[in-house]
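Trainee: Sequence:
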Amino acid sequence: MIAVGAHVNKGMGVPGEDMNGVLSGISFLRDVNIGNKVDICGKRVAVVGGGNVAIDAARVAVRLGAKEVSIIYRRSKDEMPADVHEVVAAQEEGVKIHLLANPTKIIGRNNRVEGVECIRMELGEPDSSGRKKPVPIKGSEFVINVDIVIPSIGQASDLSWLQTKATKWGTIEVDSETLATSIDGVFAGGDAVSGPAFVVDAIKAGHVAAKSISRYLRGMDLKQGRENKKAGVVKDVPLDGISKIARQRMAEMDVQKRIAGHAEVALGFTEEQARLEAQRCLSCGICSECYECEQVCQAKAVDHTQTSLLEEILVGGIVLAPGVETISPEVREEYGYGYYPNVVTSLEFERYLSASGPTTGHIQRPSDNKEPKKVAWIQCVGSRDEERKYCSSVCCMYATKEAIIAKEHAHGLEPTIFFMDIRAFGKGFDSYYERAKNEYGVRYIRCMVSTVKENPNTHNLMMRYVAENGKLVEEEFDMVVLSVGLKPSPSTQELANRLGVNLNQYGFCTTDTLTPINTSNPGIFVCGASSEPKDIPETVMQASGAAACIGELLGDVRGSEIIRKEYPTETDVCGQDARIGVFVCRCGINIAGVVDVPLVAEYAASLSNVVCVEEKIYVCSQDSQAMIKEKICEHNLNRVVVASCTPRTHERLFQDTIAEAGLNKYLFEMANIRDQCSWVHQNSPQAATEKAKELVRMAVGRAALLEPLYATKMDVTRNALVIGGGLSGMVSAISLAKQGFSVEIVECEAQLGGNLKHLHLMLDGSNIQEYLNQLIEEVKNHSLIKIHLASDVVAISGHVGHFESTVRGLQSTVEIKHGVVIVATGGVESKPVEYLYGQDERVITQRELEEKLVNSHSAFRIPHSIVMIQCVGSRDEQRPYCSRVCCSQAIKNALKLKELNPDTAVYILYRDIRTYGFREEYYYKAREAGVVFIRYDVDRKPEVRGQESESEKLKVKSEKLGDRSQGAGVRGQMEVDVFDPILGTNVVLSADMVILAPAIVSHPGNERLSPLLKVTLNANRFFLEAHMKLRPVDFASDGMFLCGLAHSPKDISESIIQAKAVAGRAATVLAKDKLEVSGVVSKIDQNKCVACLTCIRMCPYSVPFINNKGAAEIEPAKCQGCGICASECPAKAIELMHYKDTQVVAKVEAMFIRI
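For the record, in the sequence shown the residue sitting at position 865 is 865 according to full-length UniProt numbering, with numbers rising by one throughout.
Note that these hints are calculated values from the structure, not bench results.
Fair warning: this is a prediction, and the values are worked out from it, not measured in the lab.
Glycine residues also receive a C-beta, built at the ideal position from the N, C-alpha and C atoms.
Treat each hint with caution, since some may be false.
[What the hints assert, rightly or not] If you anchor each label on the Cβ, the simulated ranges turn out as follows:
#, residue 1, residue 2, range
1, Asp-675, Glu-602, 18 to 24 Å
2, Asn-521, Glu-311, 50 to 56 Å
3, Leu-314, Lys-244, 53 to 59 Å
4, Gly-559, Gln-769, 27 to 33 Å
5, Asp-675, Ser-491, 50 to 56 Å
6, Gly-559, Val-932, 37 to 43 Å
7, Thr-451, Glu-928, 25 to 31 Å
8, His-362, Glu-252, 41 to 47 Å
9, Trp-161, Ala-197, 20 to 26 Å
Required output: the full structure, derived from the provided sequences and hints.
Mentor: Next up, the structure:
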């Protein structure tokens, strides 16, 4: 195999080329690289050529102390084959470039170089390379005085010793498929065959030649099955959703520092830059079969022999959850994303705030890694515009959250949010927004920023905007965060086409307002932001709702596909000495990259009661699970300790593993040496290793005292109690009934329907009353639903799976047994106490207006002028929350008014228009229809004044005089005085009617139900869920759920989704034959109990009670295992199983064993 490369410098072919001082570019670089002395310090150097070798030679000459370095190139700068950034770097380092010049001879004296004579060139017609051919200009010769000339115009192979055929380019002639030369048994490759090329070409030649030589030695055909296959060119690369993002600019060493030596100039990317650069990949290629992934995969999970597998799965329903992605910020080019390094997206800024992000939670500017002082957020980037007439719903709150967290991370930071409307419509959102302003000093400016420009010297960003007073403002910020909106992922369209599901104009799954989880294809449901942009709580609710819809379809066959897991008979370990097995996980390099795992394993083996220690790459893998079971049997282990990652994700897996080996699952303990060692001490491997040892020692100490525990199994009463017969109550009831569960509805009023009885039309025109009547009939006629009207729940006892409630009606009291409780008590419309409501019949609420607009028997005539006032009784000190539906309701009624009489003047006075999601389209329509929107500030509320006509005044006068005759006068128009912040002055509007949007308030019955159910109300007297985002329809007490207006204000679609979600969550209890209660519960020694009530006061779940013996008692089914009662009990009468004092103390003592 001949692979001699191309190490010979090509000559220029000019006189004087053999003088002293003429150095070959290849030889020059090689000598410098291997340490040979090259004396050019203080000399003038000319490099001939325009490729990367020429640039390298010039830059090296600078570093060796040359007095002056220049490059002579015969073409223009655009045609230089060297990389552009290399040329720029050379010029920065002082290298001069003589373009359109070509050496004609080397000038010297006493065989020593003194200069280069050149002739000027001009570009003619393109040559075979496609570049314009340089043509000499007669009489244009000139001389450059130099001491050293370094020709770098190409390289060739020295083949003078080889008797084989050569090409016209002086390379070895070979067979292109086999690399065989004209001499039998001789093969060649690399630069000697191809001429100067890339490393990867040389690697390929090595592989091809190796295969050929192998065949040759075996006497096989060299060519069979080896036809040259050209690499496929990927065409039609899908560019939808691909952002055109500029390359990351890598920081470089200062010029003066870098020319002083040969240190690496490029300082490398930060982790965040590396990730951003990697994200620019179009992912258009395919696997190149390099097999590197197989070699580095420690779990040996990669198998290149696998082929595509098409599998058919029989299903009864489908749930679509393809999600969304952020809109490319490049849709707003004027903000400079991709050009200015300190303009980032909200998602990128979120990573800066994260403890696991590239800056470990420290806020730094990308340009210089300095902490910014002023950061601006620009809202509505990519949504609420002509292309996407929808609101992304989440941006206002995540910007507010980021501003608060940024303020906490960098105390001197000044956050500013530029917005059009603050859409803090969710539960607790408005209070969070007000806290951001008043407590954290987040500045909110209502405007759209027109441009962002960078100061090239400081990389600060100048923002230009028009303030609300009309003045043009320029303000400088250190960073700008673009709050990008949400759009469907590109795969959603393809998926929808395959499944026959309709999408709307923006690419989201189409749903109907009254069936918000159903797609256009029956049996296929949708959840999450792929149906409409939404926040985490709404996403989680709709996911549970989709599960309920599937349950309705498959209720008849529930459980028919389940294969129940069988466990061996449990080994009795009582009375045995502890025999502990310790299994230490490397977790690839997640743990082993920092912690010395073999040392930890060796240490574990020295601990008392440890009889088996194993170290594995991944303890959670199937192979390792099998190994653990084998070791339990082999060594008669009766306790198991795993030192790996977090018990939050893996404890149940390992508990199940030891149960499969016959051990009680509670005889298991974990040491978290990933989160608590390798992750938090990655820069201190020795300390991390010592800490890992200590954690293992503590786990072993506790494990020795662990005792078997057993789950209590209880029957489940497959009946649901729904408190409330409004929309949410009925939807959850009918969903559960369709899933096969019996339901009892308790409604305090004499008829079903709740608030829905007073509503008639949706924004999209859907008929609410028609839907309500159908729903009521469906509920009344379902065989599994029983209705208790004009009734109240007056007592409730029991626990999840088995409650007993007392329901009192007008004529009787009944006892109901049920497995779950659903609270759907609804809310009520508050009665305004301002704007003359109740004093003037022309001042009514939006709901009262809707009744008039749809009532065909009403004598109501469309007025000439109507003024609507928003946020009446909400978003104030008394009720610091948004009622969520008011803006949409006002726009709905305004559009209806315009439909009935286009000439009616409609004014909407608002604080923020909160038409989130697709409701934004109707905001557009209202403006197009001529509805006038005027904003007001909370500290300058509108003023409503009533006026009387002359006839009305005469009527009042005659009544005072005793004349009881009725005047026939017509009342005059009212006046609404409001300050318009855009005009900067008060505007007085004449109004025939004033329509108020009052607050939605909690149902008065909540105050009575809360202590009865032992569940909590928030400050606004709505029920409080277990977790705002992750358990939005669960109470903290198991088996109890909430939905609809009992949770918070919401519109009809959202109430339906939440009701379905509750049905889905309730079904997780009712679908079980038996309910298992964890063994980790508190137990009370009633002989020690002194009935001090401490446990009753402290328990967040209201579980302990005083029994008829005068001692505290805990129902295991209700206990959540938090241990607060055990830690607070002054008499030490309470123990938390699995965390007994002896077990906890043993762990603590093990921690301090060396002290």
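Trainee: Check each numbered hint from earlier against the structure, then list the numbers of those it violates in ascending order.
Mentor: 2, 3, 4, 5, 6, 8
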